[in-house]
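Going line by line, the protein sequences match chains A and B.
Just so you know, numbering that gives the first Met the number 0 puts 233 at position 234 of the first sequence, and the rest follows in order with no gaps.
Just so you know, numbering that gives the first Met the number 0 puts 205 at position 206 of the second sequence, and the rest follows in order with no gaps.
The hints are simulated quantities; they were obtained by calculation from the structure and are not laboratory data.
All the given hints hold, so there is nothing to weed out.
Quick list of simulated restraints, FRET-style, between CB atoms:
1. A:14 x B:36: 37 to 45 Å
2. A:148 x B:190: 52 to 60 Å
3. A:180 x B:121: 39 to 47 Å
4. A:60 x B:101: 45 to 53 Å
5. B:257 x A:94: 32 to 40 Å
Positions of the beta carbon are idealized from the N, C-alpha and C atoms, including for glycine.
So you can see what is in the structure, the chains are spelled out below.
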Amino acid sequence: MNPLADLTQSRDLLVNLTLRELRGKYKRSVLGWSWSLLNPLATMVIFSVVFGRLIGISPTTSPSGLNNYPAFLLCGLLAWNFLANGMNGSMVALLGNAGLIKKVYFPREILVYATVLALDWSFVIEMGLMMVFLLILGNMVLPWILGIILAMVLMTLFVTGIGLMLSVLNVYFRDLQYLVGIGLQLWFYLTPIIYPITTVTDSHGIPPWVKTIYVLNPMLSFVQIFRSMLYDLQFPRWSQVAYVTVWSLGVVVIGMVVFRKFEARLAEEL
Amino acid sequence: MSEPAVTVANVSKMFRLYHDRNQSLKATLMRGRRARYEEFQALDDVSLVVPAGTTFGLIGENGSGKSTLLKCMARILRPESGSITVNGKISALLELGAGFHPELSGKENIYLNGAILGLGSKDIDRKYDDIVEFAGLEQFIDTPVKNYSSGMYVRLGFSVAINVEPDVLLVDEVLAVGDEQFQRRCNEKFAELRAQDKTIVVVSHGLGLMRTICDELAWLEHGRVRMSGPAGEVVDHYLAEVQTDRQTGAEPDGRGARWGSGEAQIDDIQLLDVNGRETNRLHTGETVTIRVRYHADEPVERPVFGLAIFNIEGVLVTGPNTREAGLVPDVIHGAGVVDLSIDKMMLLPGTYDISASLYDYAVVHPFDFRQRAVRFDVDAGIPHETFGGVMSLGGRWTAQPDGAETIRANGSADRASDGGDPASRSGDTNNE
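Isolated chain A (complex conformation) (with noise of 0.2 Å):
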């Protein structure tokens, strides 16, 4: 077969599934799409109320002079939440599609390829209307949108890598969702999302050998750089950009071949 025809179909396809992940999320509800945005949007209130009011978290004052909870947790809470949709909806992707596995045939990875491209959909949605947030509370961020846009894509190399992992191997494992679901919660304050990253590292409790250990975490990196281009309006660090790259290429390419080793017996496992 003709592998450049394969590719052409392959990314018909992909856009179908897209369409479908996307058309079918919030086809029958009232609030349609205003759901997907909604969620981030509670989740944001509540955070704020409860870390930046009621425990008092404040946030450094950035550079660019701007002091606000809300708009500091979104930095990081947006590309947090892809993350962790990404994880939970790859984890279904195959499950979820049972049924069309067994009966036809077609690259199976294209399952969480769309699911992530869904998701993809609303992180630029969300991006951009915190973009707005920003703007109106004077953070002159016009400037970094390519450098948001890079950021989003090495994330969403990043997620597809895992996903790819996380949508087979819970084929095989069954209970393997319960420990992610465990495991996100962990790593979601391993992160300095809620908190600034300056509260774990200018911290004198904490051995240095653990704030080592802290920041080897890829997603402080990608939390941090998008921080400091949204909220800080800094260029972010070279380091911090290496590593992330690293790590998602990385992710991409073991994920790619840990799909490819579970993938034959797949129509047989589920």
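Following the hints, position chain B against chain A.
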């Protein structure tokens, strides 16, 4: 046509039969390995060639590997060893409408399903009208498919799948769905594809159908090719084998089930020929008695005996019972027999199963139900009909060219006036 459409070379496929279906990470970690399993050889070194432009059938008992082979051809399953080469575009009709999203409209699903089956958006644009028209869903195309009837759903699925215009079409027994009219359209479509020299590979249990539509057949047994060649030849050998096989008492699954409360029980079901001898080989047109032997440990009031005859495909041919025939004993206690005497048994050649039941008068509570307990074969007899079907109607043929003698099937002829004009005779009846 020189190149074969599908070449299957030394293909083996193993399935894992897990002892416990507990596929969890927890269990794996605790055990230090994944669940135990046995390997089951679904396909064992299968080689065959499907010539281009032919309709090729796969037959065999359940579990013989024919569906597995089809799925391997469709690339859904990946064989452990061997190779399958397909020349041209392949499309599989294993399930109609697989991948439809219930919330999406028919139109959206056409594009989605088309893409899944390997059609580009442009191809679908081009064929969209044909697809909708063939499915006959013009008015409902913007309705979410969850509101479709199952018939509409299947029609749309078939319509998309068939419009993929594959060079090789793989068909599992999906065509036994849909209403009569839709079935006919499917069959027309297949005939059209065959006429266009497309290659079709079909899996079915319907031997009559396979004999009619297939050019060549491969008979699979325990994952191996037992025989392959011209359709008629293979079906004959297969039938000969399956019929002798059964006499050794080997029963395939799904037969011989029995349930009921047991106050009265059916001990035996016998077929008696015209001389009262027990047999399980009959001929069309013969006199036969179906005898049910029963015993009741306690008095059972007003029981109803029922019989049901199924053909080999599980289609109910007839289901007579004593209540509808007006025979209701007040009470049975002890042993006895109930006979159904048939002067002319009109079943056509084939294999049939009999179920027998013993119910209360309301036919609600089963005392004993013996599902497909006895199997028998019917060989050709009189009337002699070989063009398929289950039963003969036992009709008589006559022909009457205008102004000539009536010609009867047995060759005798008489003047039309001698027998009386059928129209005037019926007129007489009306006047009485």
